[in-house]
Amino acid sequence: MPEQSNDYRVVVFGAGGVGKSSLVLRFVKGTFRESYIPTIEDTYRQVISCDKSICTLQITDTTGSHQFPAMQRLSISKGHAFILVYSITSRQSLEELKPIYEQICQIKGDVENIPIMLVGNKNDENQNREVDSSEGEAMAKKWKCAFMETSAKLNHNVKELFQELLNLEKRRTVSLQIDGKKSKQQKRKEKLKGKCVVM
Amino acid sequence: MKPLEKLLKKPGSHLPARPAAAPGPGQGSGPGPRRQSLSRSPASPEEPAGPAGPQPGSEGRWLELRPPEAPLRSPDEPSPGGDRDRELPSPEPPPAARCCCGCAPAAPAPPERLLAALLERLPAGGAHGRGCGAGRGPSLPWCILDGVTFVLAAGSPPPHWEEGAGLRRKHAVLAVLLHFLETYKGLLQEEESAGKVIKELYLLIMKDTSLYHDLEDEILKLHQLVETVELKVADETPPPNKQVKPLFRHFRRIDSCLQTRVAFRGSDEIFCRVYMPDHSYVTIRSRLSASVQDILASVTEKLQYSEEQSAREDALILVTMASSGEKAVLQPSEECVFTTLGINSHLFACTRDTFDSLVPLPEEIQVVPGDTEIHRAEPEEIANHLTAFHWELFRCIHELEFVDYVFHGERGRRETANLELLLQRCSEVQHWVGTELLLCESLGKRAHLLKKLIKIAAICKQNQDMLSFYAIVIGLNNAAISRLRLTWEKLPGKFKNLFRKFENLTDPCRNHKTYREVLAKMKPPLIPFVPLILKDLTFLHEGSKTLLDGLVNVEKLHCIAEKVRTIRKYRSRPLCLELEASPSQLQTKAYVRQLRVIDNQNLLFELSYKLEPGSQ
Ligand SMILES: Nc1nc2c(ncn2[C@@H]2O[C@H](COP(=O)(O)OP(=O)(O)O)[C@@H](O)[C@H]2O)c(=O)[nH]1
Ligand SMILES: [Mg+2]
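If you read the sequences in order, they're chains X and L.
Heads up: the first sequence runs through residues 1 to 199, numbered per the working numbering.
Heads up: the second sequence runs through residues 1 to 616, numbered per the working numbering.
Bear in mind the hints are in silico, worked out from the structure with no lab data behind them.
Please read all numbers here as calculations on a predicted model, not as lab measurements.
In this text, a Cβ means the ideal position worked out from N, Cα and C, and glycines have one as well.
Just so you know, not all the hints are guaranteed correct.
[Claimed, not checked] Computed far set for chain X versus chain L, every beta-carbon distance over 10 angstroms:
| # | residue |
| --- | --- |
| 1 | K29 |
| 2 | T39 |
| 3 | E41 |
| 4 | D42 |
| 5 | T43 |
| 6 | S53 |
| 7 | I107 |
| 8 | E125 |
| 9 | N126 |
| 10 | D132 |
| 11 | E137 |
| 12 | N155 |
| 13 | H156 |
| 14 | I178 |
[As the list claims (entries may be wrong)] What follows is a list of derived Cβ distance ranges for each label pair:
| # | chain 1 | residue 1 | chain 2 | residue 2 | range |
| --- | --- | --- | --- | --- | --- |
| 15 | L | L548 | X | G16 | 54 to 60 angstroms |
| 16 | X | R73 | L | D217 | 51 to 57 angstroms |
| 17 | X | S65 | L | G493 | 36 to 42 angstroms |
| 18 | L | T260 | X | G16 | 27 to 33 angstroms |
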């Protein structure tokens, strides 16, 4: 029986079509597809290390629409960390994150201790960019969360996104590396490479 | 095996020779008995040894089907339709030729002659005009429903507009058609071929209207009916977009559970989780009637299996797994699987070589005893909400679902989703009773709850909700509950006696004589114990062939139709209970409508032994 309380739950939110599922599938399965299949709610499990022992990382990919508010509330209350995704090709998608962020604040209260990553996806589509990365950074600063730009398509910053998110967890040591022996140096190097800014 | 399941065993499964075990990997469930919506109790080897297991003496207690070879017209057999409609206008035929519906027995006949006879027997003129609108009026001869049953059973298309017929004949055909539409209603949306026949017929009739002014009334009615059925007759476009009423399996939703239930059709959508061996899951959105193949295609697409991968040996298979770990492979061609799953069963997609390593999801219910709503709410509130909900579920079942459930196999696969959901609920209530009791740690509290449950059963009975009543009594009779000697001893004598009476009422001896007598005295509206109706229908169906040498066994179809008519009678009046809409009432309502139960008999026994180790 998998120990429920031992699970580390990450929930991915964002408007429909910004690439939530693509990021998750790229991370979990290493695949990418061009076609768009709307998501209702999927959860993927992976073994990670947590406080020097093994635990399960649960990544919940959610629907972009607001069809199921009750489901959204439930995932927030059960989640330990959150990824808020917008597409750099759509300003609207960044706007749509606001109510979700507010709801997380409302349900979780003190969000400063909760790992949250704001993600601008599709940064391979620079020619269609509507949101400058500085705008994303500014928003993240306001929300007191971390920020990153990614491309699920080109597999850019995807693994880093998840690793950095786990690094933000201060209440326990969670890491994608099962042996948990990743050196500090290595991490820093990744951070630089990934242009990750932790606010 | 639990009593209810025995009661409900599908055609053929009462033959002792049939292996009862679920099919193993690779074998699939094939054309054999359909999976029950009821969760299964574990196979005997997994049952705890000792006195706690179901007593062998009670084996077969519920299974008193007459032997299948017993002829239907055997006069000395008690009529299975003991609760039949006593108000039937037809005179009682001589006992030797008695059919359970009380109609004059009809000789077997070939389908065409039968149809002609049916049309012959219809009254001329507009006598049926009013009857059709209501559909239940006595002006329509009883044989029409039989005719529909016959059409169903024989699998032939509905009656055709015949050449050379006079006005009377056309009246008759219209009457049949109207009645057919009235009976089928929304179901026709799901049936392309039937819809086509009706469409053809309708167009033919419309062409003739100018010739027969006398038929105006009927034609107008036909027009309306065809419209309500949403058969797009004028053009070839498919029916307009239906309102989506997704069924959330394993999603507990306060908002949707408080709404009045409406009937589900095969084209409705369902959201359902499909799990992977590591308990990852994807939620798929599919038609309720989707085939296993369709479901697997959605999962494969979601998980981005490459085509080459799925074409190879390690293509995905779909498996159902109960909370006890019992699992079965579903065949790719199987349809409408969602409503046949057990209460806490889940769908798994895996490759053949991972089948053996599949483990059930962790038990959803916290075994930590916490006070649930049942301890707070008044027994009347809970009973009334049970009745109200079960009435909704009962009302959602189309009459033909009962027929299709038993005739399954003889006709093509039809949707019986609403009936299956009710059966699922029935089993849920049984397990709920046990779960709630076994989550009470203190003896005093347990005895108090036992008393409350008996009270709830009593009020359900008063409400004429025999479904909830039966389910609670069966639930209290579960071996994991009945072995709690200390708890039962603490029950006041008055309640002990009351429960003894209830056991007596649900005693299946002499073909459920006591229950049938009580039911016969009740006036509609009432909720019958539906599994027993299915047992009767199964008996009727298995007792004789539908077609013999090309002749239709009319008597059999009469009997089936009569049984279905009793259901119509039960629902002929609305059931209204006075339920407040106060916040606490809404809380009770939500609780009653989404019970959390343990359906794993092993776990129930485990809890039972922990509470009273030395009992019995
Ligand atoms: N160019 C580009 N397209 C992407 C990227 N990520 C996703 N997409 C495309 O965007 C569409 C929506 O992706 P999806 O992951 O289903 O979005 P979701 O609704 O947020 O889950 C799909 O057609 C993807 O192929 C990316 O990083 N770059
Ligand atoms: Mg998605």
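Now for the hints, and whether the structure bears them out:
Against chain L, the non-interface label of K29 of chain X is violated: not every CB pair exceeds 10 angstroms, the least being about 6 angstroms. Its closest Cβ contact with chain L, about 8 angstroms, brings T39 of chain X to no more than 10 angstroms, contrary to its assignment away from the interface. Annotated as non-interface, E41 of chain X brings its C-beta within 10 angstroms of a C-beta of chain L; the closest such distance is 5 angstroms. Listed as outside the interface, D42 of chain X is inconsistent with that label: its C-beta sits roughly 4 angstroms from the nearest C-beta of chain L, within the 10 angstroms cut-off.
Not every C-beta of chain L lies more than 10 angstroms from that of T43 of chain X, the closest at about 5 angstroms, which undercuts listing it as non-interface. Every CB of chain L is more than 10 angstroms from the CB of S53 of chain X (nearest about 18 angstroms), matching its label as outside the interface. At roughly 16 angstroms, the least C-beta separation between I107 of chain X and chain L is larger than 10 angstroms, which holds for a residue marked as non-interface. Every CB of chain L is more than 10 angstroms from the CB of E125 of chain X (nearest about 21 angstroms), matching its label as outside the interface.
Chain L leaves N126 of chain X outside its interface by the beta-carbon criterion, the shortest separation being 26 angstroms against a cut-off of 10 angstroms. Here D132 of chain X stays apart from chain L, with its beta-carbon at least about 32 angstroms from theirs, past the 10 angstroms limit. Distance check for E137 of chain X against chain L: the nearest CB is about 32 angstroms away, which clears 10 angstroms, and the non-interface claim stands. With a least CB separation of 14 angstroms from chain L, N155 of chain X remains clear of the 10 angstroms interface cut-off, as annotated.
With a minimum CB-CB distance of about 19 angstroms to chain L, H156 of chain X clears the 10 angstroms threshold, and the non-interface call stands. Every beta carbon of chain L lies more than 10 angstroms from that of I178 of chain X, the smallest distance being close to 15 angstroms; the non-interface claim holds. Restraint check, L548 of chain L to G16 of chain X: a C-beta distance of roughly 59 angstroms satisfies the suggested window 54 to 60 angstroms. The hint said 51 to 57 angstroms for the Cβ distance between R73 of chain X and D217 of chain L, and at roughly 55 angstroms that hint holds.
Take S65 of chain X and G493 of chain L: their Cβ atoms lie about 59 angstroms apart, and the range 36 to 42 angstroms is violated. T260 of chain L and G16 of chain X have their C-beta atoms about 30 angstroms apart, which keeps the hinted 27 to 33 angstroms range intact.
Of the numbered hints given earlier, the model fails hints 1, 2, 3, 4, 5 and 17; all others are met.
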